[in-house]
Amino acid sequence: MEDTAVLSEIESGQERIDLIRKDFPILDQSVRGHTLAYLDNAATTQKPRVVIEAIKRYYEKDNSNVHRGIHELSNRATAAYENARVRAASFINAGSSKEIIFTRGTTEGINLVASSWGRKNLKSGDVILLSEMEHHSNMVPWQLLAEATGADICYIPVTGREGLLDLSGLDDLLSERVRILSLIHISNSLGTINPVTEICRKAKEKGIVTLVDAAQTVGHQPLDVQEIQCDFLAFSGHKMCGPTGIGVLYGREQLLEAMPPYQGGGEMISNVEYHQSRWNEIPHKFEAGTPNMAGAVGLYTAMDYLDKLGRDWIDEADRELADYAVNRLKELPELEILGPPTGRAGIVSFLIKNVHAHDIVTLTDRCGIALRGGHHCNQPLMRKLGVESTARASFSFYNTTQEIDRLVEALKEIQKFFNQ
Amino acid sequence: MFDDIDDLYQQVILDHNKSPRNFRVIEDADYVAKGHNPLCGDEVEVYLKMDGDRIEDLSFQGSGCAISKASASLMTTLVKGKSVEEAKQLFAEFREMATTGNIPDGGLGKLEALAGVYQFPARVKCAVLAWHAMAERLNGSEESISTES
Ligand SMILES: Cc1ncc(COP(=O)(O)O)c(C=O)c1O
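Just so you know, the sequences run in chain order B and X.
Residue 1 is where the first sequence starts when you use my numbering, and the numbers rise one by one after that.
Residue 421 is where the second sequence starts when you use my numbering, and the numbers rise one by one after that.
Treat each hint with caution, since some may be false.
Stated by the list, open to error - Here are the simulated lysine-lysine pairs, DSS-like style, with alpha carbons at most 30 Å apart:
# : chain 1 : residue 1 : chain 2 : residue 2
1 : B       : K353      : X       : K530
2 : X       : K500      : X       : K438
3 : X       : K530      : B       : K412
4 : B       : K384      : B       : K204
5 : X       : K500      : B       : K384
6 : X       : K508      : X       : K438
7 : B       : K416      : X       : K500
8 : B       : K353      : X       : K454
9 : B       : K384      : B       : K412
As the list claims (entries may be wrong) - Derived contacts from chain B toward chain X, CB cut-off under 8 Å, selection only:
#  : residue
10 : D62
11 : H356
12 : H358
13 : D359
14 : T362
15 : G373
16 : G374
17 : H375
18 : Q379
19 : M382
20 : S389
Simulated from the structure, these hints should not be mistaken for lab results.
Ideal Cβ placement from N, Cα and C applies to all residues, glycine included.
Okay, chain B solo, but in the shape it has when bound:
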């Protein structure tokens, strides 16, 4: 990690950012003749050199299959993979690394719970409680489960365009029929930070199992599953400076022990006969087949990288960028910002009157600025808010206020262009 910009002696914020940006090779390029301003971090974050190098080193030195070989390389690969599990446990303060299941990402983590826990525990008439701001990945797996079991889905409502959860009816919503509550922590389209600790505590008091979608949290804020006291929590490596194709599902040991396997295959068994098999212990029971070893190595390095920068600092940096962006965007007439007026994460969705989000994004791209435009995998929410799509700028600690200034200037030109 010698070559990362974690130099506490450096006082100036600007110098620090300049050094941090040097950790990210991809940022040093021009797009359509302009320096790239990557403001699409909620979709996926960029990777620091240390992560890229760690993956390369794994393939150049240690690659082998895990848990199977007796030879040296297999030992190394197994150690690297299992160390990543231990690291992930400490990263989110899980009680034990047995509670860390490697997945392909948030989506697979949620599907695992819906399939394995859900099919075993849900029956007709039970209720799955979600919120109206869930990402499609925390909706569709439950719809499949509801269809298979006859359970119903209910939703905690969203107040409106300020994008807060309406918790006034929560006690009633947490009815006796509710078996599981699955909730997004930070909204990928609105930037809302939901009070998951408080909500999970209420659910727990009623014996309801809880899952937190922390996809937008891990790369941006400290995260402590024992404080939230959720039963499950899912996230993706690629949204936290790690590689794609790896993610984590945290599950409370007691629940994982009682759950049937998710997929069948190698790794997840302890004994196989022609007509039956015995399952391996947790977490291996849930990891069928050769896992993403290189991904785990990259994820390990990403966690180290974020911790060296300091997740409290990252959180602050993101929020400062978001506040700065909100204030500057307010300069534009006929621009509406969605999401909470205060206390938002580093995600800002907006609408410009008479200019469709796709046109905004196509035109900002011409200035080298990467935004996202669309429904952000939140179609029902967008319909509810009465918008088809929004343009979204989402920040990471390596973004700068100068990039936001460029965005604002570009948006002003776009308004002019469409109103000519």
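Since the structure of chain B is provided, determine the placement of chain X with the ligand on it from the hints.
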């Protein structure tokens, strides 16, 4: 700042985006064709009033970006009065242009304003959405079409 953007947002497109033609409901339409772009959530409805094999009137409704709106608007002005075969032929030529940039020998008139779309792969679907919906309906399909299919 956007000097080089003319290949996508030509004046014709900005004009049709701002004041779309035939942007209305045809109450006694024979067909209503629906198109949906799941990528952005945009939806369009195309109304067709037939006179035998001829498209006597057509209009559209819905929401969308400048490209999809202008394309739908241009479509309504160009297809009105054409036979089903002619409309399908025009769509085939338009789709060829939108995906490859190739303009047929006879030219495509105002539609050529959309010739640059092929350089923006993410936007081709916007350009063909209303056309695709219309063509599917003329082919007898009752289903709402989706650009992902
Ligand atoms: C809030 C939220 N949940 C879930 C996901 C799905 O993550 P992945 O596609 O990495 O599985 C995303 C990513 O788009 C997200 O933003």
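Results for each hint:
The hinted pair formed by K353/B and K530/X meets the criterion: a straight-line CA distance of about 27 Å does not exceed 30 Å. A threshold of 30 Å between alpha carbons decides the hint, and for K500/X with K438/X the separation of about 21 Å falls inside it, so the pair holds. Pair hint K530/X plus K412/B holds up; C-alpha atoms about 29 Å apart against a cutoff of 30 Å. About 29 Å separates the Cα atoms of K384/B and K204/B, which keeps this hinted pair within 30 Å; it holds.
For the given pair, K500/X sits about 35 Å from K384/B by alpha-carbon distance, which is inconsistent with the 30 Å threshold. This hinted pair checks out: K508/X and K438/X have alpha carbons roughly 27 Å apart, not beyond 30 Å. The suggested pairing of K416/B with K500/X is violated, with an alpha-carbon distance near 33 Å, which exceeds 30 Å. Of the pairs offered as hints, the one joining K353/B and K454/X holds, with about 25 Å between alpha carbons and a cut-off of 30 Å not exceeded.
This hinted pair checks out: K384/B and K412/B have alpha carbons roughly 28 Å apart, not beyond 30 Å. Look at D62/B: its Cβ only gets to about 38 Å from chain X, farther than 8 Å, so that hint breaks. Because the beta carbon of H356/B sits about 4 Å from the nearest beta carbon in chain X, less than 8 Å, this interface hint is met. Evaluation of the H358/B hint against chain X yields a held restraint, the C-beta minimum of about 4 Å falling below 8 Å.
With a cut of 8 Å, the hint placing D359/B at the interface with chain X holds, because the nearest CB-to-CB distance is about 5 Å. Annotation: T362/B was flagged as interfacial toward chain X, and the flag holds, the nearest CB pair being 7 Å apart, inside 8 Å. Proximity of G373/B to chain X holds as hinted, the smallest CB-CB distance being about 7 Å (cut-off 8 Å). Among the interface hints, the one on G374/B holds; its C-beta lies about 5 Å from the nearest C-beta in chain X, closer than the 8 Å criterion.
Interface restraint check for H375/B: the shortest CB-CB distance to chain X comes to about 4 Å, inside 8 Å, so the restraint holds. A distance limit of 8 Å between C-beta atoms decides the matter here; for Q379/B the minimum to chain X is near 6 Å, and the interface restraint holds. The interface hint given for M382/B is met, as the beta carbon of that residue sits about 6 Å from the closest beta carbon of chain X, less than 8 Å. Interface hint at S389/B: satisfied, since its Cβ lies 5 Å from the closest Cβ of chain X, which is below the 8 Å cut-off.
Of the hints listed earlier, those the structure fails to meet are numbers 5, 7 and 10, in rising order.
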